[in-house]
Amino acid sequence: MRTTNWAKGAVMALAIAMAGVSAHAGTLEDVQSAGVLKCGINTGLAGFAYTDDMGTWTGFDVAYCRAVAAAVLGDPDAIEFVVLTGKTRFPALQAGEIDVLARNTTWTLSRDVDLGLTFVGVNYYDGQGFIGRKALGVMSATELDGASVCIQTGTTTELNLADFFRTNNMEYEPVPIETNAEARAAYEADRCDVYTTDASGLAATKATFDDPDAHIVYPEVISKEPLGPLVRHGDDQWADIARWVLNALIIAEELGVTQGNVERLAGGTDHPEINRMLGSEGSYGEMLGLASDWAVHAIKAEGNYAEIFDRYIGPDTRLGLQRGLNALYKDGGILYAPPFR
Amino acid sequence: MGGPSRGVILQLLLVLAVALFFAFVVANTKANLERAGLSAGYGFLWDTSAFDINQRLISYDSTNTYGRAFIVGGLNTVLVASMGVIAATIIGFLAGILRLSPNFLISRIVTVYVEFTRNVPLLLQIIFWWVILLALPRVRDSIQVGAFYLNNRGVRMPAPVFEQGSVVLLIGLVVGVVATILVARWARARQDATGHKFPVGWTGLGLVVGLPLVLFLITGRPIGLDLPEMGRFNLQGGFNITPELVALWLALSTYTGSFISEIVRGGILSVNKGQTEAAGALGLPSGLTLRKVILPQAMRAIVPPLTSQYLNLTKNSSLAVAIGYQDLVSIGDTILNQSGQALEVISIYMVTYLSLSLLTSTFMNWYNGRIALVER
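Here the protein sequences come in this chain order: C and P.
With the first letter of the first sequence counted as 1, position 341 gets the number 329 in our numbering; the numbers rise by one all the way through.
With the first letter of the second sequence counted as 1, position 125 gets the number 126 in our numbering; the numbers rise by one all the way through.
By construction, these hints were calculated from the structure, which means they are not laboratory data.
A couple of the hints might just be wrong.
Distance condition first, Cα-Cα at most 20 Å in a straight line; then the derived EDC-like pairs of lysine to aspartate or glutamate [unchecked claim]:
hint	chain 1	residue 1	chain 2	residue 2
1	C	Lys122	P	Asp142
2	P	Lys31	C	Glu176
3	P	Lys31	C	Glu85
Far from chain P, by Cβ distances over 12 Å, these chain C residues were calculated [unchecked claim]:
hint	residue
4	Asp18
5	Asp41
6	Pro79
7	Gly120
8	Ala173
9	Ala202
10	Glu251
11	Glu274
12	Gly308
13	Pro327
Each residue gets a CB set at the ideal place from its N, CA and C atoms; glycine is no exception.
Work out the full structure, taking the sequences as your base and the hints as a guide.
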């Protein structure tokens, strides 16, 4: 139940309090000996993490979890999903309840440094926006002086919102609600004039309205929201693995390695970077502490970055998100993975 | 070994064991926090909060500190808890008395209310009231009564604006209240001595309302009104009560009221029937019998369990987070998330609720001592 989140927080705080002080083995060994990866995901957000008809978790963030599980354990299904709210996600990771968190989480300095977490990269470049009814006659978020604004609590959006209205010298009434579903319901009941969250979330939310065309997403993007997976601070080996799984998915798109052709290409090609990534040249897997064909498994799980994007949130899905900033650097975006060598 | 010394040693051992356990928890927590590279301590309370709060009893904006945000949240908790305690007491006493009514229809209606509200989870009731309030007209179609507006964003009403000279009115109000108390004492002493009654109620009304009103007119109306006006999105100006506060208040008071009504009913039934009959034989009307004979005796059975209900109501108000009423826990959760200081924030919750509960208990114990049976 949503409302007991703070109770969950308390339990996790207690977990921090009661956890044994025994010397902690590396996360990689822990995951390998358990044979299962514990991955923290959203409680449900269209496109990013949701259950399909069969009741299995799927989505853009879930796909990353599956790629990590495939790289580390050779099996994309060897995952225990832990559903987390905006509030419980960090204590869960800190206390070791999960090994990796892939829950559209914004990379900020204080989270990276003060919370004892390590962001391993960005899997979606987002920004906070507003959605409102067309009937309001508002064309821009700078016209929202005096409006009531629905927000989901426990996110960076609350802070951006306060900053945005303050810098534009406007008044507003915040209506903070714990979950996306209830905040959306309050917006639909006209409890507030506009709803604000990350642009990707707005697209996901708009897609589920009865009459999506009656609503307009304002052009202003009021913040930078680089969303990415993260791990606990202090285990560099595990952070490297999490980082390079993400990089491998991006490089695979760059090099044209797909879910369909990865097995064939793994046999050896005349492209040295593909050979290095898929393990037929060099010993890059060994450097990470993994099998040499780890990237083959990771890519085979759900395909490369473009395949994952298109399958769950791309133009042909209900979310209909364009690649935009999330296109490869050579296609006009800012997605740029370091070289595989 | 002798009996008493063995007991003392056992108790000492127990105290030692408890102390060791807590020492272990504290040391272990510290070690784990250090290992995880997390900072501990309450220094974060002085950091800038950077988020806004829609309901504030004291001034606050996003440039204030986490500590001040906590105080705003704590006051919101105290506000809804005190409103709830007052309403639940009124509802509870009315329902408890009415359920004993000889009128079949009234007692059945009250039975249905009691059984329904106390058997449905409070969280559902909170959300139920909230959804009902959200179904009110939209802000542009507000129901308007004079300068009062009702819509699904709350009730907006004129707010008083205190201008220079309004302090005189405050003094007038205080004088009126004090005078009423003195008159009530005098009237009681006179009734004890002579049996004559004095209209205390009307006199009090005149003093408490009339005196400030006369002063208001004499001093040239130093209190103005800030009237709500329709802005582009919302009504602007005046004073707004949010639907979240109302929903939480209604849910808490009807829920706790049903428990209190059972306590009241039990208290009344615990008074010997002979008391009612004796009062009747003396010719006391039934209303006076209830007020002067039954309830004073029933109160002794009612007050101790009533205290627990007040404590429950206060703690239950933390369910506010479900509908976005910004109480201590709702704001604390945001602070927890922004600052990452889980242990500290939760310790603040605990200390706050503990203090509120102890304050309530202390007051109720004092009251219970006052009304306790005086053996003659």
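Right, here's what the structure says about each hint:
1. C:Lys122 with P:Asp142: Distance of about 18 Å is within 20 Å: holds.
2. P:Lys31 with C:Glu176: At roughly 46 Å apart (the allowed maximum being 20 Å), Glu176 (chain C) and Lys31 (chain P) break the hint.
3. P:Lys31 with C:Glu85: Since the Cα atoms of Lys31 (chain P) and Glu85 (chain C) sit roughly 19 Å apart, the hinted pair holds (cutoff 20 Å).
4. Asp18: Nearest chain P Cβ is 15 Å from Asp18 (chain C), so the label holds.
5. Asp41: Consistent with the label, Asp41 (chain C) stays out of reach of chain P, its closest Cβ about 28 Å off (over 12 Å).
6. Pro79: Non-interface label fails for Pro79 (chain C): nearest chain P Cβ at 5 Å, not farther than 12 Å.
7. Gly120: Contrary to the label, Gly120 (chain C) does not stay out of reach of chain P, its closest Cβ about 10 Å off (not over 12 Å).
8. Ala173: violated (8 Å)
9. Ala202: holds (14 Å)
10. Glu251: Fine: 40 Å to the nearest Cβ keeps Glu251 (chain C) off the interface.
11. Glu274: holds (29 Å)
12. Gly308: The assertion about Gly308 (chain C) holds, with a minimum of 28 Å to chain P.
13. Pro327: holds (31 Å)
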